[in-house]
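Q: Hey, can you piece these two chains together into the complex? The hints should help.
In the order they appear, the protein sequences are chains A and B.
Using our numbering, read the first sequence as starting at 1137 and increasing by one per residue.
Using our numbering, read the second sequence as starting at 773 and increasing by one per residue.
Everything labelled a hint here was simulated from the structure, so no lab data went into it.
On a predicted model such as this, the values are computed, not experimentally measured, just so you know.
Among these hints, one or two may not hold up.
As a list, the in silico DSBU-like pairs of lysine-lysine whose alpha-carbon atoms are at most 30 Å apart [to be verified]:
| hint | chain 1 | residue 1 | chain 2 | residue 2 |
| --- | --- | --- | --- | --- |
| 1 | B | 1045 | A | 1210 |
| 2 | B | 1045 | A | 1226 |
| 3 | A | 1324 | B | 813 |
| 4 | B | 783 | A | 1445 |
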Amino acid sequence: MFSKILIANRGEIAVRIIRACKEMGISTVAVFSEADRNAMHVSLADESYCVGAAQVKDSYLNISAILTIAVSCKVEAIHPGYGLLSENAKFSAMCEQCGIVFIGAKSEVIKKMGDKNAARITMRNAGVPVINGSEIIDDMTKAKVEAEKIGYPIMIKASAGGGGKGIRVVEKQAELANAFTIATTEAKAAFGDGSVYMEKYLTSIKHIEMQIICDNYGNIVCLGERDCSVQRNNQKMIEESPSTVVTVELRKKLIDTATKTVQTVGYTGVGTIEFLLDKRNNYYFCEMNTRLQVEHPVTEMVTGIDLVKWQIRVAAGIAIDFTQAPVKFYGHAIECRINAEDPKNKFKPCAGKITFLHIPGGPWIRFDTAIYQDYIVPPFYDSLLGKLIVYAPTREEALRKMKAALCELVIEGIDTNIDYLLEIVSSETFTNGDYSTDVLKNGGIDIV
Amino acid sequence: MIRKGIFKKPKIALEGNIKQSKTPSANIPNEMCVCCPSCNKMLFNDELNENLVVCSYCNHHFRMNSRQRLNMIADEDSFIEHNTDLKSENILDFPNYDKKLKNSQLESSENEAVITGVCKINSINSAIFVMEPYFMMGSMGTVVGEKITRIFEFASENRLPVIGFCVSGGARMQEGILSLMQMAKVSGAVKKHSDNRLLYITVLTDPTMGGVTASFAMQGDIIIAEPNALVGFAGPRVIEQTIRQKLPDGFQKAEYLLKTGFINDIVERKKLKEYLTKLLQLHNYK
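Excised from the complex, chain B in its bound form (with noise of 0.2 Å):
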């Protein structure tokens, strides 16, 4: 075998004798890539944004923006947003709320933490609402529980399925008791949506917590999460330090929930459309 130092090096002049001066020097740009946090394989955001932001070696799934989700589910140029001007304001002057919001709003470029509005999914019309991770961890205040309300008041009127992706942290507290309120309204709203005997899915991403878990993302005919997604009311680590226990392994995830019948399937971001399709096909959606 040939071992390590056989060749000698050869003392020669870099040809030319000039030295490209490289100011700055090689770097990896830090928009350019991502540690995958399951299984800390480095991944180009060019290749994780074509692969629908799953990771292609561990399948991790990873938050996703609600943009990004939408063109995942509905088809190309058929979604037509509703309410797109209504923002959250201060109602209870909470302290940092305002400077809170703006930043939510530049960093998600939404302007509330819901998108609702009517697509069509493998030319199946539905509504649909997606929540934004990225605008305050998608938290429910009043403008969300207005918007959902709303997009389910319209569908019960033109007959339409609703389709939910829910990702939250729960009610937005800036809002206190007005946020909660929004639990007991949407709960109305989707109440007679079902009584019109029109159908409502629920995809549950990670994390689906807090009032949002105690209202409509639990309130689905069918209730779908993405692998691995926590889903709960109050966190593991609150209930740990409350109950001062230990918690079981895997406890509040997806893989749990669905062992102990809380939801009903785990599909895959790549598989999601067709599954959906096939649900909203057997309810004799055309």
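Next comes chain A alone, as it looks inside the complex (with noise of 0.2 Å):
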């Protein structure tokens, strides 16, 4: 087992890392920047550091204040977190060039997932079901001939992609070229890769992923589904496992594909497969995260294990005690994540000192985060302030329980989405289970 891990990102998850460090009777290294002098991630390590200034680019971003810290520290392993250097198929590399595990994909595979087309392709090519699209597209009159062939609604998506970026859809025909070209111009701005190609746009999908864990001895757990379909702008808002959709028969037919999927890229470390799944229940890969997620608790609540350490373990070359027959999903499990934002406001991020704090308690209900009362969110960073997770054995439960929690959570000085939040698991829509990825864009639930 690793004697010292560095943690290299900030906010909760560096907390929840430190947290499983602890446990397990490891050190932990702690990185800063100039912003977050105060945060409590810094308090909580053995040892902490601050990288540069506060722009991530400066400090979290900063690869070579980090690996020297790592290097002066003699940490064996840096855990990434999620986001930042988590997905960075150079910064796997030169971990492994120093010498220093990277708690996290190995480079060729990141790189390999990173390119949306070719991973598309790989799977494709693996049998794993894939939206019905296109290959990279270089010029409008391809693209008008492949769009025809897919059928609008399309979507044009970069092949380097992420976050969003390089991404359109176009309903109709006379949309294409301007789609195109901005979706080209998009990608080569955010990515140095203008490369992109055309999905069929789904509509009334559910997002679902599965989470895998892997060792470095051919041993593969899926660990379940979790349903992802509450989203604004792409980004998640609410998240529960099991979902209210996914069948037994299906969810079996969910884990031998995402076995099947991480077995093709020789896959080790924890991950997710996300899938699409329609109104027929067909499913399509869309992505697989090299990482660990931000609503991995709602996996650990319904299985009782702990994914971060295992994620440790497994790196640390441990084998996985468990095998996918005796894994149980017991109860059910929600999530919500606590934005520092402005509901009224267009979503606009918030800064400044929480005034006062109140952080509900009582069994099965875990609140992950990095605030305190009068600790200063500072404006740099994303707007996540902490994730609030409930379980329970039912999911009628789990609502009530989530509703209870969320009137009982106080952050004052701020604005948070909580009420945002309560009336979305209040409203009917929700509370049937029967919602699908655009819930907040078409009136489903009625709010702002």
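A: What follows is the structure in structure tokens.
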């Protein structure tokens, strides 16, 4: 087992990882930006070092500073959390070159799955269902032909994509030329690679993702699904497990497909395979995240498996001590992402001092956060304040628990989306579970 | 605010009680990174090479080897090299010169301190010579002079423009007067090329000194330099020691030379190919 790990992240995920390390007897090294001097993870870690100015590019993405600290602190591994350097193939390779274990995917795998079009082709060749689409398209004439072949509406996607950049939905041919130019330009600007491909645009779909864990000895276990369909602008807001629409047979199929997917790429560690599920229970491979997900606690609650600890163990070369068969999914878990944003003002992100904080408690209520009373939320980072997770034997009880917990959660001094989340979980659409990814788009839940 | 040390450290033994035995411990390999001499930031070699060996923080232009330069300027697979097998010999029996030549060949993976040939620059045919800083600091011996002379002669015959990338410590002292003679020889070839009404552009890179500056480096119809390149005849330290006076700030730097009218422009590496293309087009090369 590693005796010292550097955590190259901030906020609630850094705290989550440090806690797991403490329980495992592993010493922790935190890194922080100048704006994060008073952050929770800085005090919680055994050692902490400043790696640069407030902007992430100068601090949390400052590879040279992070590696220098890792080497001088003699850490054996680096945990990148999610976002930031977690899917950076170059960083993964550099850690390896320096003799440090990167707790995440190997650089070749990150590269392979980061190129969305290549990942699609790999999966299609492996017999995993993918959405009907085209290869890379480099001119308008080809775009027109391919779009006709696929049938409108279509979606133009950047091959190097991520974070919703370089994506355009085209309803009819008249919109194609404009959307194609914008998607290509946006992709070129955001990723330095303007190549795009097309896919059939599916409506009324569910975003279902499968949690996978694989060790270095070929053991693969799929820890069930998460329903992440409540999204606003492609950003997840509420996640739950199990999904209300995934039947036992469908779950078995999804588990088999997810297992096949990771086998195809030779994956190790924890990862997530995202699928789109249509009304007729047809599912399609969407993408693979080669890292820990924000919403991992949902799976932890229903399986009783600590994903962060297992991620560290697997990276240290320990074999998984459970197999697929005995993994049982008990009860129901729901997670709400508490963000510092103002739903009444176009979800404008907020920063400032938390003047009062009350965190709900009681059985099976978990709040993963890095905030505390009097903490000043800096304006430089994403707006996630914490994740409220509840667990109960049934979905109905979990919903009651979530409503009660949201009402008990008090964060004063800054704007939050707590009330907005409460309205969603109280809505009929969410209660009956029959919601799709456009639930917040088409007035499904009429809130703001 | 949460103060440092507010949380107690739990006394928990390492899980499984087995420490990973790691030998050797983590270290950053030397070949992985380099420190920018201008801003002191640590740069990774991979990223630096992707960025045309220019510091992404302060725009410092690092020294670039001749093949990298060719890849940057010439269209892919368009370069045809001339006189690859011309190699220097120790004609004057200068002590240790043979050894130095061998080491330089190993260090630079080149046979001589210049590579010459023809290539396409954005589809425009051009003759090109690129000096190699990692071969005895691009010093000019008989072979360097001969190769450059031949490329000018070839360009004159085939009505091609010449683009020359200069980097040099000056004439190669191990070849004595024979190396100094190259100044006149190359200059003659440049003049004939010019008399044929053909274009010659020089790009001065850090450092361009001595006999090279005193001959073909400054004979271009258009003289461009890279930012902050040192260009001169004798080095600033030698001048200071000789005249016993402090030299002005930025003396012999490209920016100073531009201000004093010795060069025509300073062009960043990233913009160089497009800039040269435009110049060639303006002179009616297609």
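Q: With reference to the structure, classify each hint as holding or not holding.
A: Tested hints:
no.: 1; hint: B:1045 to A:1210; in the structure: violated (45 Å)
no.: 2; hint: B:1045 to A:1226; in the structure: holds (28 Å)
no.: 3; hint: A:1324 to B:813; in the structure: holds (28 Å)
no.: 4; hint: B:783 to A:1445; in the structure: holds (18 Å)
Checked against the numbered hints given earlier, the structure breaks only hint 1 and satisfies all the rest.
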